[in-house]
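A.B. asks: Chain order of the listed sequences is A and B. Heads up, the first sequence is in our numbering, so the first residue is 2 and it goes up one at a time. Heads up, the second sequence is in our numbering, so the first residue is 102 and it goes up one at a time.
A couple of the hints might just be wrong.
Below are the DSS-like pairs computed for lysine-lysine, each with C-alpha atoms no more than 27 Å apart in a straight line [claimed, not checked]: (1) 246/B x 21/A; (2) 49/A x 181/B; (3) 246/B x 183/A.
Calculated from the structure, these hints are not laboratory results.
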Amino acid sequence: MGMTITEKILSRKTGMAMVKPWQIIEVPIDVAYIHDNNAPIAIQQFAKLTNAKVWNPEKVYFILDHHSPSTTFRAAIHHRNIREFSKQYGCRVIDVGRGVSHTVMAEMGIPRPGKIIVGTDSHTVGVGTFGCLATGIGSTEMAAVLATGKIWMRVPETVKVILDGQLSHGVCAKDVALLILKHFGPSMLNYMAIEFEGSFLDTITIEERMAINIMCLEMGVKNAIMPVDEKLLSKLNSTAMNEEIVTADQDAVYASRVQFDISILEPMVATPGMPTNGTDIKSVEGTKINQSTLGSCAGAYYHDLEQAAEILKGRKVNPDVRFVIVPNTSKVIEKAMQTGVAYTLIESGAVISSPSCGTCGGYEVGCLAPGEVCISTTTRNMDGRMGPGGRIYLASAYTVAASAVTGYITDPREFLGGGIHE
Amino acid sequence: MNNDSLYFSGKALKYGDDISTDHILPSRYMTEIEPQELAKHCMSGIDARFSSKVKEGDFLAAGENIGYGSSREQAPQALKNAGIRVIIAKSFARIFYRNCFNIGIPAVVCPNFITELNDEDMCTINLEAGSIYNETKDKYYNFAKPPDFMLEYIRLGGLIPYLEMQSNQSDRDSIEIKI
Ligand code: SF4
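Take the sequences, apply the hints, and build the full model.
C.D. replies: Okay, here's the thing in structure tokens:
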């Protein structure tokens, strides 16, 4: 019996000839990263261990991204403690303003094929885009990883998700993510691994793949893996020979296989409450909004800003709407400045805030008042996430920007020329 | 080792499906680390009266997928600080499940128990035996008991005391997780 990619990575790393779903094994960690929201408890817990040292400081990154630059006095104290801890144990700190951990890790080329990566953020799953097994853990568990370099895992069952076809006019990778989430719901893939394949992946960028992979966590997955191809290797400035590329066996066993035809997909919106509440944009069109947001590890890449600028060029943000943009890394801002995308956005009335989680988690940036409605490219829309009583619809950058112009949820194809049903 | 530490008795506060970590502890309280503050805001995303209802030793009961969403350990920690000693659900989101055991709260999967439970029923649970007794309904339920090393986490109060115990027992100076 063959193994899936996830099973094979686990078997290689543990030196076991074969691992099977449900088996509990202990695995070594290749990279661990910790963000400023969860670091304080991890540090506190680590301090309780007698004579503990960080097992391998080279493999540990602290990233100050949730409150960046420090949004409260208390966050400033946490940041100071993180910097001190890192100095003491020789770990690296990626300080405020650089961006959201997953996207920064990806830009730095740290997640690589075949590796096992843990982060104190649930969306660590997203860096599985690089052909590695990446998963989120809690703070106490991270303290144990810092001390031991190991963790126990239950080998997950794998679901194969096949994406074929290509995006039609006005439809984005975000819409694909919302489609997949709608199909599986919030818990059908609990504890499972996803293995992606299909011709659609050839048609999108690594960043777009990552936007999809990050959102998979909302279905409860342990990890999600994208295939390693030429596009990914060139992003890593590497060659197949230099990487531990893991592919599935021909006779690997999958819990299920699900295929999607992306060509027939139309813009989608997830209604407030859960990211899995996907629906056709038609059913919510016309809903009045107070805020449009581009943000988060899953929704504020350069391509998101570029798509928004495509809509806003020569138009103005509706006076009743604030358009809040929180790019996910500093490199996104650099590029948007070079290409003029940033200028177009600001000229149209948008505000660009510093790269961080910011508005995504309601971290004192771009928050909502009770009763307000936001349409957003961010990752989550649980009740109250951007402020108690606020309601969040999730959609693509096109849809968010079009809605910013009109003041209500709008099908972006109206603004993109070529007609809605070309 | 004292097995009383695997035996719990209390009243079960019942909630529905997909209770997210945003419901359990909204992100605006994430910079809090004071136990009392976390306890005060616990479940405030779904039930403003929770902190006045909950008593030391209570169980939290939920439907499918409790702890859905963010990895924040502050969520189970807030429940623990508020007095919750056991969480029973039809199913758990995976990071939340691990976080519970890591901080010393047993997370128990028992769908039939949840289906038949009413809010505030009195219950007892024997983790080692894998059984729950609903006193109010006079009915027993079985569940798959967690692996031994996770029972150890509960006996000792979580992953950190477990690691301490392991390193005290070993001659080496490195710490290792035994599973
Ligand atoms: S941007 Fe949002 S989803 Fe991404 S890591 Fe930050 S808080 Fe989490």
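A.B. asks: Now tell me, hint by hint, if it's right for this structure.
C.D. replies: Status of the hints after comparison with the structure:
no. : hint          : result
1   : 246/B x 21/A  : 20 Å, holds
2   : 49/A x 181/B  : 19 Å, holds
3   : 246/B x 183/A : 33 Å, violated
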